[in-house]
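K.L.:
Now for the letters of each chain:
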Amino acid sequence: DTAVSQTPKYLVTQMGNDKSIKCEQNLGHDTMYWYKQDSKKFLKIMFSYNNKELIINETVPNRFSPKSPDKAHLNLHINSLELGDSAVYFCASSLWTSGSYEQYFGPGTRLTVT
Amino acid sequence: GENVEQHPSTLSVQEGDSAVIKCTYSDSASNYFPWYKQELGKRPQLIIDIRSNVGEKKDQRIAVTLNKTAKHFSLHITETQPEDSAVYFCAASNNAGNMLTFGGGTRLMVKP
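One line per chain: the protein sequences are A and B, in this order. Just so you know, we're using the working numbering here: the first sequence kicks off at 1224 and counts up by one. Just so you know, we're using the working numbering here: the second sequence kicks off at 12 and counts up by one.
Accuracy of the hints is not assured; some may be wrong.
[As the list claims (entries may be wrong)] Per the computed footprint, the stretches of chain B lying under chain A, defined by three or more beta-carbons under 8 Å from a beta-carbon of chain A, are:
1) 51 to 61
2) 93 to 104
3) 110 to 116
[Stated by the list, open to error] When the alpha-carbon atoms are kept at most 25 Å apart in a straight line, the in silico SDA-like pairs for lysine to any residue are as follows:
4) K53/B x G12/B
5) K33/B x I58/B
6) K1264/A x A74/B
7) K1259/A x G52/B
8) K68/B x L1318/A
9) K53/B x A1226/A
10) K69/B x E90/B
11) K1264/A x D95/B
Hints in this document: simulated from the structure, not taken from any laboratory. Here the structure is a predicted model, which means the values were calculated and not measured. By construction, the Cβ of each residue, glycine as well, lies at the ideal position given by its N, Cα and C atoms.
The following block holds chain B by itself, in its conformation from the complex:
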């Protein structure tokens, strides 16, 4: 089955700095890679996703890159703000997003 590893497990940055979270996956058939944000005590919410036919996708301060050859993908957050503080999860799926395998999560802390 699919295995997704995520690093780092915790990340602390100053407000305004950039944050990068990296994930690797094992199943070369995986073709959908979402990122979810989970604030303390809340539900996970999709913030951005990418499919295997695209190498990069951007949405305002958030971008995701995908390297299929190396089987890794990354989340980039620029100009971080305190409200970006949360746990971020990457995931991978080879079944039209149906079977999501999540990474272990990254706790991002943005210091004002």
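Next comes chain A alone, as it looks inside the complex:
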């Protein structure tokens, strides 16, 4: 009965590779997000999707491309990985129409680029 799940939990890869992280939520939420948490624990939003439509795209290199096949899924594809992409990536979701603004986070994916 996991609410927000991400795969994989750990991802170790070399510079220049392309990788994807998957996120799924079973809460019936209509909005999903991707956050990056760097080594200093700073949390920064990358993307936000509402009903499969991109609504927030912060200053993120275009090597990062989110894809939302349906409201329950938001995947993150990263091309040409760089050392600075090493971080923990969190997916989150919320129900924008509910009046409760709480965002539920997934367990995170620790990406290490060598």
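Following the hints, complete the assembly by docking chain B onto the known chain A.
P.N.:
Structure of chain B alone, referenced to chain A:
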């Protein structure tokens, strides 16, 4: 865009003491202010939030106060316990909680 500053970056207290974490924000249009707790290696989880039409909110040992004029808000934890040890993040949003800008985090250590 919004900028949220959080202080202190680390806070060490004795079990049973109170802890206070403060945040300031820059965008006067911000109207939603949540606090998230992140234990080591875990996901951030909402512990309390406040909206701009309220000055204070309390939930058992946790309270949050908001001063819209000064654009700052604070988290108060009373009777701290070792399990309160974690990193706490404040955040602000002017878009129904959709676009959250987080502060830099406060590592709270509660010594038994």
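K.L.:
Each hint needs a verdict: does it hold in this structure or not?
P.N.:
Hint check results:
As drawn, the segment 51 to 61 of chain B meets chain A at 6 residues by the rule of a beta-carbon pair under 8 Å; at three or more, the given contact holds. Counting residues of the segment 93 to 104 of chain B whose CB lies closer than 8 Å to any CB of chain A gives 3, so the stated coverage by that chain holds, three being the minimum. Coverage of the segment 110 to 116 of chain B by chain A holds. Counting CB-CB distances below 8 Å, 6 residues qualify, and the rule asks for three or more. Taking the CA atoms of K53/B and G12/B, the gap is about 28 Å. The hint is violated against a cut of 25 Å.
Between K33/B and I58/B, the direct Cα distance comes to roughly 15 Å. Compliance with the 25 Å bound is thereby established for this hinted pair. In summary, the hint linking K1264/A to A74/B is supported, as the alpha carbons are separated by about 24 Å, within the 25 Å threshold. For the given pair, K1259/A sits about 14 Å from G52/B by alpha-carbon distance, which is consistent with the 25 Å threshold. Our distance criterion of 25 Å between C-alpha atoms is met by K68/B and L1318/A, whose separation comes to about 22 Å.
A distance of roughly 14 Å separates the Cα atoms of K53/B and A1226/A; the hinted pair therefore holds under the 25 Å criterion. For the hint linking K69/B to E90/B, the alpha-carbon distance of about 14 Å falls within 25 Å, and the restraint holds. Taken as a hint, the K1264/A and D95/B pair is honoured in the structure, with Cα atoms around 18 Å apart against an allowance of 25 Å.
Hint 4 alone, counting from the list given before, is not met by this structure.
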